[in-house]
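Student: So the chains spell out like this:
There are 4 protein chains.
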Amino acid sequence: MTYTFLGPEGTFTEAALLKVPGARDAARVPASNVNAAMDAVRDGTADAAMVPIENSVEGGVTATLDAIATGPDLRIVREEVVPITFVLVARPGTRITDIRRISTHGHAWAQCRGWAAAHAPDAVHLAASSTAAGALALLDPASRPGDAAICAPIVAEEHPELEVLATDIGDNPGAVTRFILVARPGALPPRTGADKTSVAVPLPEDRAGALMEILEQFAARGVNLSRIESRPTGRYLGHYFFSIDVDGHIQDARIADALRGLHRISPHTRFLGSYPRADGARPVVKDHVTDEAFASAREWVEGILGG
Amino acid sequence: MTYTFLGPEGTFTEAALLKVPGARDAARVPASNVNAAMDAVRDGTADAAMVPIENSVEGGVTATLDAIATGPDLRIVREEVVPITFVLVARPGTRITDIRRISTHGHAWAQCRGWAAAHAPDAVHLAASSTAAGALALLDPASRPGDAAICAPIVAEEHPELEVLATDIGDNPGAVTRFILVARPGALPPRTGADKTSVAVPLPEDRAGALMEILEQFAARGVNLSRIESRPTGRYLGHYFFSIDVDGHIQDARIADALRGLHRISPHTRFLGSYPRADGARPVVKDHVTDEAFASAREWVEGILGG
Amino acid sequence: MTYTFLGPEGTFTEAALLKVPGARDAARVPASNVNAAMDAVRDGTADAAMVPIENSVEGGVTATLDAIATGPDLRIVREEVVPITFVLVARPGTRITDIRRISTHGHAWAQCRGWAAAHAPDAVHLAASSTAAGALALLDPASRPGDAAICAPIVAEEHPELEVLATDIGDNPGAVTRFILVARPGALPPRTGADKTSVAVPLPEDRAGALMEILEQFAARGVNLSRIESRPTGRYLGHYFFSIDVDGHIQDARIADALRGLHRISPHTRFLGSYPRADGARPVVKDHVTDEAFASAREWVEGILGG
Amino acid sequence: MTYTFLGPEGTFTEAALLKVPGARDAARVPASNVNAAMDAVRDGTADAAMVPIENSVEGGVTATLDAIATGPDLRIVREEVVPITFVLVARPGTRITDIRRISTHGHAWAQCRGWAAAHAPDAVHLAASSTAAGALALLDPASRPGDAAICAPIVAEEHPELEVLATDIGDNPGAVTRFILVARPGALPPRTGADKTSVAVPLPEDRAGALMEILEQFAARGVNLSRIESRPTGRYLGHYFFSIDVDGHIQDARIADALRGLHRISPHTRFLGSYPRADGARPVVKDHVTDEAFASAREWVEGILGG
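Residue numbers (our numbering), protein chains in the order written: chain A, 1 to 307; chain B, 1 to 307; chain C, 1 to 307; chain D, 1 to 307.
Next comes chain A alone, as it looks inside the complex (with noise of 0.2 Å):
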């Protein structure tokens, strides 16, 4: 196996990879951005790619939402949720008291600033192409780094020879960022009963109360939403596609029956995946919705029409 994923090492991304049993072991190439993770896998160049959906505080990371959503098919099998938690590392020996310039992400100085102004109010930001770039610089004494940068704790991990000075500092202690894990067509990952589908649906231009007709797919056979965004398509303005998310798999009967639904209102929409929750939540399933009840309802017709 080779994966790819957005890149560069060191970063949540790679950590959300390292999840994934057996890819510590493999192949593990880091893309420059989600679209050429993505073209990776398309092309054969790596079998699956791992890059974030989903940030508990920033939302949905738009070029992903886009890149699953054209182009030729892929399909996500596994997510991952990371904690978002960073950690200030510096050569050894440095005081925090002694700090004058932080080397860091400008996503992670946004969300660290607290922290800082409230230990280090002296340091100013000096701004890294990524978390992971300001940290290894430190070692790199030619490249005038900082005198300390603020990363992910699996930078650390791997780079003993940099010192930690504190854990924990972002501002927003329960952040989370959500990964997929997105491979070519292939075999649907079995159902557990734990199960996630998630669908990109094209709002059809010319029906009103479209995007009411999408939901009831849902609804009227009591699937539950976890995630909906929506996204230009690019056309005009006012024309979106959603990206959702329910509980379920395809292979459960409400899901197959739902998605049927929908293809007939938007029948450019698009199948992402059927996978496994991360955190193993099922959902309850009313009576009226189980696979036997939609058997029972087909054989019940199928008698009839029959008869």
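One should not assume that every hint holds.
Since the list can't tell identical chains apart, any single copy or any two copies may satisfy a pair.
[To be verified] Keeping only pairs whose Cα atoms sit at most 25 Å apart, straight-line, the calculated SDA-like set for lysine to any residue is: (1) K286 x H239; (2) K19 x Y236; (3) K19 x N172; (4) K19 x P190; (5) K286 x L225.
Note that these hints are calculated values from the structure, not bench results.
Values in this document were obtained by computation on a predicted structure and should not be read as measured data.
Following the hints, complete the assembly by docking chains B, C and D onto the known chain A.
Tutor: Below, chains B, C and D without anything else, positioned relative to chain A:
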């Protein structure tokens, strides 16, 4: 073929039966009430029964609605809509101004009261057990008949010895009654494109908003309701079943799919038949609920499941 | 106070009227039919009329549903639910085994046929114009009565000269009939927290899915339907109005708001009254449809509009 | 009047601001980011701020969506839609074939990459902090600029010392960005009949199907949605608010009524403003949701309650 119908002979029900091709030359046995007609079909004494189901003024015929919704399965195979018009008949030579007593059934008298007040103001009502009985009594002086009778045109046609003094004397000129022809389950009447499907749907006891859910099964598939009646199941006050007619044939994919949905919500839903509409009106079928849309959606999901 | 009721005396309708506080000592005038009872209220001859509206076995009383939905406005001010139980009465000294002819109304005979077949298998039915008439005829030998009569318990209570041979002889032990007390529009019965509101809603002709829209007015405000009946308006086959009971009082904000919604969709909607439920059951009112939620929402919008 | 806008000068945002009557002659202070612009309005430093909210290709501007949905109330009072077109500028005398380095912001480079590949295949991208900054650097040789720059037409208009080598070089010719003018709460912009209303609606946590309920508040009043975006509240993964634009003004009865419904379902719903549509398009208002229909319904219910 042996037909039965809600008797006696000479009523609008027999007129409806005579519109069925071949019925004029077949055996036609009047039944004393709707249940007796249904039972004759169920036990094989008759092949089909013509009974009234709905009048444009009086509403649903509850005996019929209840009789087909309980007991061994029966199927509606045809409908007929008959204008309810009345004629005034008498022995030859009678003049309207001489009439003092008009014999007819109470329902008919109620529907011609305006005419009688205007044209025979001195006449009183003489109760008869049916419109036909009141008219035929005129031919049997021993029966102490009235001076004239109000009856269906069919009686006058079949008894030329009665003179028609006035036609179309009903106060509600557009009144019609709809009749259904009921048979034992067998081959479905072929789909014509202008069909109706009838069902009886018990309201699930334990589900709030269940009526909405029932109606949504049709609305979500673009299926129009042409009739809905609530009837008590007799179990307790407020426990109902709904007798529903919709536009379409169970061989239409949208109808079959809606019936599957009904069966899941209310597993004791009873299919009462798919049959041609009397008026030949064809429903407008939107793009997303055509047979092709359903077939395409099914293939799409099967393609994904088959991997 | 002068009351009228669907007569004759000694029927279940009078039993319902006698449950109204004060009615036992007030004038009580039987009416020959439901329309006559309504007209007596409309023209001031009576202050209120008690009429049946629904039977747990037979369904809605169409004469009542239609009479309150047309003509000058009337208001339901009270409901009563009366168990439908029958007794067998005869002249003193009669033995059940001697009975050959049982006098009663056809409806009552239909509901006691099982008991009669078991306990008086040789007895035949002798038709009477009402259950009370059949019973009272036993006291008048000139009327050629039967050997016994089936009637409401109230007749036996009021006529101790009749002997009760058997009680509770109905085949459907839980049968009840619901009655309504109807008055001219005036002060609304006070809100008790366990109320019902009745409306008659013509189905708008020109709007597809109009029944769904009507039901949504209630569903969107968390209002439960306890009864719905369709009735023809008489204009043409398929043109209906719906007679609907919901849980709540028009002084409840959620009911007032739902009625405003109904009026917009179907401007000829008729308010038929808000009145206490006979069973005293209180609805569960969700947080978002309490009077407080409506008041808070109104104030919020007024604050914005007021600037 | 003092205006602020998302700076620097010479961007599409300033172009949007200049379309506001009077803005050309008013003070215009660029802000370094959206939050700074909002804060300037909140603290009174500026009277209004122009910020981007939505691009037809890139989607919603999350910084804006979040900034107006939290913190002290602000109100959208105007919208402007600006075509996103790019020009290539250089010092006078430069020929396209001589260009080796093109300076611009990364977003602009991404949108003109196709043109560059076709017309200046040897040119590479030189990152600038904004499109305007890249262009202005051409006039300051000390800044080591590129050979040319890609920027908004407004920069070339304001700096005639730059030569325009090519216009309309964006790869997506119909691209537009929508901007909003934000002020402190005050008098509402007058109703024009072609208005928009914006709200931010937190998804109630404890209610299944809450998004459907939110949408139904609009659908039930015939109100069309023109934009919907989900944004995380930051509390936990899957907790959203929805940023919604609908057709109409809060002074339209149907909009006021829908907002009351939203407030009941989600009491922390925030009103973000009613303001004229940039395109002047008027919605079709169905009979049952006109101001007159609402007024008539209110009077009807008040008549009963007062009666």
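Student: A separate judgement is required for each hint: does it hold in the structure or not?
Tutor: How the hints compare with the structure:
For a Cα distance limit of 25 Å, the shortest separation of K286 from H239 across copies, 22 Å, qualifies, whereas the shortest one inside one copy, 35 Å, does not. For a Cα distance limit of 25 Å, the shortest separation of K19 from Y236 across copies, 21 Å, qualifies, whereas the shortest one inside one copy, 40 Å, does not. For the homomeric pair K19 and N172, the shortest alpha-carbon distance inside one copy (23 Å) is at most 25 Å, but the shortest distance between copies (40 Å) is not. For a Cα distance limit of 25 Å, the shortest separation of K19 from P190 inside one copy, 19 Å, qualifies, whereas the shortest one across copies, 57 Å, does not.
In this homomeric assembly, K286 and L225 come within 25 Å of each other (Cα to Cα) both inside a single copy, at 15 Å, and across copies, at 23 Å.
When held up to the earlier numbered hints, the structure conflicts with none and fits them all.
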